[in-house]
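Quick mapping for you: the protein sequence lines, in order, are chains A and B. So for the first sequence, the working numbering puts the first residue at 13; every next one is plus one. So for the second sequence, the working numbering puts the first residue at 273; every next one is plus one.
Derived from the structure by calculation, the hints contain no laboratory data. Virtual Cβ for every residue (Gly too), placed ideally from N, Cα, C. Each hint should be verified, as a subset may be incorrect.
Unchecked claim - Not the full set, but computed from the structure, chain A residues with beta-carbon under 8 Å of chain B:
1) R64
2) C158
3) G168
4) G200
5) Q206
6) L207
7) I210
8) M211
9) A214
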Amino acid sequence: MNIVVCVKQVPDPETPASQFAVDEAAKRVIPAQGIAPVVNPYDPQATEAALRLRDAAGEGTITVISLGPDSARDAIKHALAMGADEGILLSDPSFEGIDNFQTAAILAETIKKVGIPDLILMGRAAADWDMGVVPIGVAQLLDIPCVTVAKAVEVGDGNITVERVLDDGFETVETTLPAVVSVSNEFGEPRYPQLRQIMLAAKKNVEVWDKESLGLDPASVGSDNRLLALEALYVPKVESNVEVIQGDSPEEKARNLALKLREAKLI
Amino acid sequence: MPRDHAADILDPIAKEVVNNVGVWVDKEVVPVASEFEHADEFPEPLVNGMAEMGLFAIKIPEQYGGLDLSFECYAGVCIELARGWMSLAGVLNTHVLVAWAINAYGTEEQKENYLRRMVEPEIRAALSITEPDAGSDAQAIKTQARRDGDDYLISGQKMWVTNGQRAGVYLVLTKTEMDTTPPHKGISAFLVDAGTEGFTVGRKLEKLGYKGVETTELSFENARVPALNILGGSEGSGFQHVMSALEVGRINVASRGVGVAQAAFEDSIHYAQQRTAFGKPIAQHQAQQLRLAEMATKIRAARLLTFDAARKKDAGQRTDLDAGMAKLYATEVAQEVVLEAMRIHGGVGYSNELPLERYYRDAPVMVIAEGTSDIQKLVIARNLLREYQI
Numbered sequence: 013m014n015i016v017v018c019v020k021q022v023p024d025p026e027t028p029a030s031q032f033a034v035d036e037a038a039k040r041v042i043p044a045q046g047i048a049p050v051v052n053p054y055d056p057q058a059t060e061a062a063l064r065l066r067d068a069a070g071e072g073t074i075t076v077i078s079l080g081p082d083s084a085r086d087a088i089k090h091a092l093a094m095g096a097d098e099g100i101l102l103s104d105p106s107f108e109g110i111d112n113f114q115t116a117a118i119l120a121e122t123i124k125k126v127g128i129p130d131l132i133l134m135g136r137a138a139a140d141w142d143m144g145v146v147p148i149g150v151a152q153l154l155d156i157p158c159v160t161v162a163k164a165v166e167v168g169d170g171n172i173t174v175e176r177v178l179d180d181g182f183e184t185v186e187t188t189l190p191a192v193v194s195v196s197n198e199f200g201e202p203r204y205p206q207l208r209q210i211m212l213a214a215k216k217n218v219e220v221w222d223k224e225s226l227g228l229d230p231a232s233v234g235s236d237n238r239l240l241a242l243e244a245l246y247v248p249k250v251e252s253n254v255e256v257i258q259g260d261s262p263e264e265k266a267r268n269l270a271l272k273l274r275e276a277k278l279i
Numbered sequence: 273m274p275r276d277h278a279a280d281i282l283d284p285i286a287k288e289v290v291n292n293v294g295v296w297v298d299k300e301v302v303p304v305a306s307e308f309e310h311a312d313e314f315p316e317p318l319v320n321g322m323a324e325m326g327l328f329a330i331k332i333p334e335q336y337g338g339l340d341l342s343f344e345c346y347a348g349v350c351i352e353l354a355r356g357w358m359s360l361a362g363v364l365n366t367h368v369l370v371a372w373a374i375n376a377y378g379t380e381e382q383k384e385n386y387l388r389r390m391v392e393p394e395i396r397a398a399l400s401i402t403e404p405d406a407g408s409d410a411q412a413i414k415t416q417a418r419r420d421g422d423d424y425l426i427s428g429q430k431m432w433v434t435n436g437q438r439a440g441v442y443l444v445l446t447k448t449e450m451d452t453t454p455p456h457k458g459i460s461a462f463l464v465d466a467g468t469e470g471f472t473v474g475r476k477l478e479k480l481g482y483k484g485v486e487t488t489e490l491s492f493e494n495a496r497v498p499a500l501n502i503l504g505g506s507e508g509s510g511f512q513h514v515m516s517a518l519e520v521g522r523i524n525v526a527s528r529g530v531g532v533a534q535a536a537f538e539d540s541i542h543y544a545q546q547r548t549a550f551g552k553p554i555a556q557h558q559a560q561q562l563r564l565a566e567m568a569t570k571i572r573a574a575r576l577l578t579f580d581a582a583r584k585k586d587a588g589q590r591t592d593l594d595a596g597m598a599k600l601y602a603t604e605v606a607q608e609v610v611l612e613a614m615r616i617h618g619g620v621g622y623s624n625e626l627p628l629e630r631y632y633r634d635a636p637v638m639v640i641a642e643g644t645s646d647i648q649k650l651v652i653a654r655n656l657l658r659e660y661q662i
């Protein structure tokens, strides 16, 4: 069973809010000083899903792909340390500032070049922009099915059964392979890399593919060719007013709270 | 606040390993350490997690199935473990130290027999030097090994044996000759298997801190051990072998000092920004700032001394001076820092709801074990006097 896992390196979501800043004029996030980027927290779950499926099948190759600067190699190395087989870094100066459409297009071209696998797995969203649209874009461009926000996956003979997370519960769907599946945190804890795997991963070569090696049309990539226009980027101001609900007894306080909530049309 | 677990580590593989161990400690150890510690319960799931990652194989050569990672890496791993819970680095210490001694001084048969089983580990190892009447003066041990055909019969009492209850093999310091001059020429170290007839593991000692990991007595009554189990195969080198192995232990304990101090400092600098007094966070009061600055500077110095000693050991250099300095300084710093952390926290630091009281109880054992601070100073001074001899 051959699987492609797409991973992304993101600013550490644990960065304190006080150190988060944006350049409103340039419409970009200013990286927090001294805090290294990390692998997107949902992506190890996608890698974990790939490892379990490969190991259950007893054969196959897991190829990890990441689009980003040279430091994104660390996100690939993490997946290799978990047990993935091969890594490809998609890196080119023109990839900076691209939109989700271009990301999906570059990933789809890469996957075609690698050879369409049985399954393509990604995290449910990247923790930086939290949009979760790239899996759908890649599936669209490869003309294969896409199932998002998976909590469990089971591969059959040419098909896959996915338990999806909904706002108010779960649903189970089935589709044909090859397919794209985005994996949610409900899938379960990813394994910790073993020291031996870390050492093997360190020795593995991560191929770097740029715009030319992918044969991309220069007019299709780059921040000047975005289809998604970023109108404004700012940190919203959060204002909170605290009102202590008065009352002589817990019952009266609860009643007064309920009245306030009704007044505000919240209940 | 995200932190670089592998700061100051130069080797890329070591960096990666230490980062992963740091993540594991944050997620798996920190939330449960105090619970295990207060119950004085052996942390089976955590030790299993360490084994699954491969930590027990960290210093075993690849030819015996181990990972053969650097001392720099080992120091970084121990700092991270101790940052979560000092006892975990203690569980690892005697195992790594004995594995190192077997690899450095053991016969090929001993390496094949023990090192392969210590990788997974199928067996864990303990070190036994101290006796009721012999601590820092290790040459004064009374446990005797008398030759009996192809075997030796060991008799005596041992104390303060870390991992005493769960070890599969014990490196035991004995006297094979009682009246040699100097005394260490009559000392030999034996590899004694758990379950050997005449060898019993005694009571678990109750302690102020360093809980979870068991510290026991050992009793030998004509315990029959094959002559083939003398480390290195011949009598008289045990003292030198074990003292040399203790350098590995000193890197471990120095790292533990750094880890515990780091944990106490991080808790303090977070708390100081949350706790207000006299109208502002206490971190805005100069008295606390001076305290935090001193704590961080000392921890950094201790960290760099520890990595320096580890890297010298990796380079094959003699490290009794460097490991001694690292162990002396890092453990004394840990002791100072946990007290300063207590001052910053005030009353809440004294409660057992925060881990600080655990760090406070864990710090003293580090200035005692693996050679007290006084012994480290003697080792350092002897080296310096040799170096600067006129």
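### Violating hint indices (sorted, rising)
1, 2, 3, 4
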